[in-house]
Amino acid sequence: MTEIGLNHFLILSTGLFFLGVYGFLTRRNLITILMSIELMLNSVNINFIAFNKYLWPDQMDGLFFTLFIIATAAAEAAVAIAIIIHLYRRFFSIDVTDAGELRH
Amino acid sequence: MKDFIFYLIAVFILLNGFLSVTTRKIFRSAIYLLFALIGIAGIYFWMEYEFIAAVQVAVYVGGIVVLIIFSIFLTQQSGKELPVVNRTGNITAGIAALSGFLFTLIQIYRFNPGNLVFSASPSVEAIGEQLLSTGDSGYALPFEIISTLLLAAMIACIVIAMKTNPKKA
Numbered sequence: 005m006t007e008i009g010l011n012h013f014l015i016l017s018t019g020l021f022f023l024g025v026y027g028f029l030t031r032r033n034l035i036t037i038l039m040s041i042e043l044m045l046n047s048v049n050i051n052f053i054a055f056n057k058y059l060w061p062d063q064m065d066g067l068f069f070t071l072f073i074i075a076t077a078a079a080e081a082a083v084a085i086a087i088i089i090h091l092y093r094r095f096f097s098i099d100v101t102d103a104g105e106l107r108h
Numbered sequence: 004m005k006d007f008i009f010y011l012i013a014v015f016i017l018l019n020g021f022l023s024v025t026t027r028k029i030f031r032s033a034i035y036l037l038f039a040l041i042g043i044a045g046i047y048f049w050m051e052y053e054f055i056a057a058v059q060v061a062v063y064v065g066g067i068v069v070l071i072i073f074s075i076f077l078t079q080q081s082g083k084e085l086p087v088v089n090r091t092g093n094i095t096a097g098i099a100a101l102s103g104f105l106f107t108l109i110q111i112y113r114f115n116p117g118n119l120v121f122s123a124s125p126s127v128e129a130i131g132e133q134l135l136s137t138g139d140s141g142y143a144l145p146f147e148i149i150s151t152l153l154l155a156a157m158i159a160c161i162v163i164a165m166k167t168n169p170k171k172a
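Protein chains in written order, with the working numbering: chain A, 5 to 108; chain B, 4 to 172.
Hints are computed from structural coordinates only; laboratory data are not their basis. Hints may contain errors.
[Claimed, not checked] Chain A stretches covered by chain B per the calculated footprint, using a threshold of three residues with CB under 8 Å from any CB of chain B: (1) 36-46; (2) 50-63; (3) 68-74; (4) 88-101.
Virtual Cβ for every residue (Gly too), placed ideally from N, Cα, C.
Okay, chain A solo, but in the shape it has when bound (with noise of 0.2 Å):
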């Protein structure tokens, strides 16, 4: 039997969700900016699928949840590098400090 409790899991995605919103805040590429918030997106899954691994085991809404936020995640993930590119052809930057045309 194993020693790994729900804690673990629980730790291990707090980890890698503040590595994602140390990466969010620092980083002023467009395209970093997005690889922060899907290692976000991820630490969620392992907390959906830890819960329901542990505390819901014969039910399955947990694992419903991560195919949900998976499938939503590749949808933005394809709108934001379709907007990504656009705004590469206009400013020829994808920095967000270049993009300000939407500043009032």
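Let chain A serve as the given structure and place chain B on it in line with the hints.
Quick look at chain B alone, frame taken from chain A:
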């Protein structure tokens, strides 16, 4: 042995995640992200949720990371280094992330779920039946909504990325 494998995967994920948000070469950042996502698929395998692990590998590793790498090729010179983050921004972000991490850690230790049973995982057959069932706790409606969302996202991508004619605009 199983515990040791869990720690190995956890360290692998956190190390690659850290390198992914700190490295200054954007292409390397994408590759470290790829390894972190493979490690997360490993965690799902460790928990015996093979179906989710397969979806993770197919969608994230095979889809999103490839998309990110393509967009890097389209928008960057891959050898170019990202600019250095200024010191105040770095320290502020570090403090914000670290304090949030410590706060959540305290909450986790206060939660203390006790001894939990590591249960058997559901079969792919059961997943498929509940996903398409319209009865109690069936997920047919969210399934249809997500398919509409994916269609909308696909159309949106085409519309956004379409080459606009400067004369008409």
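Structure-based check of each hint:
1. 36-46: holds (count 7)
2. 50-63: Check passed, 9 qualifying residues.
3. 68-74: holds (count 5)
4. 88-101: Coverage by chain B holds here, the residue count being 5 at a Cβ distance below 8 Å.
Of the numbered hints stated above, none is contradicted by the structure.
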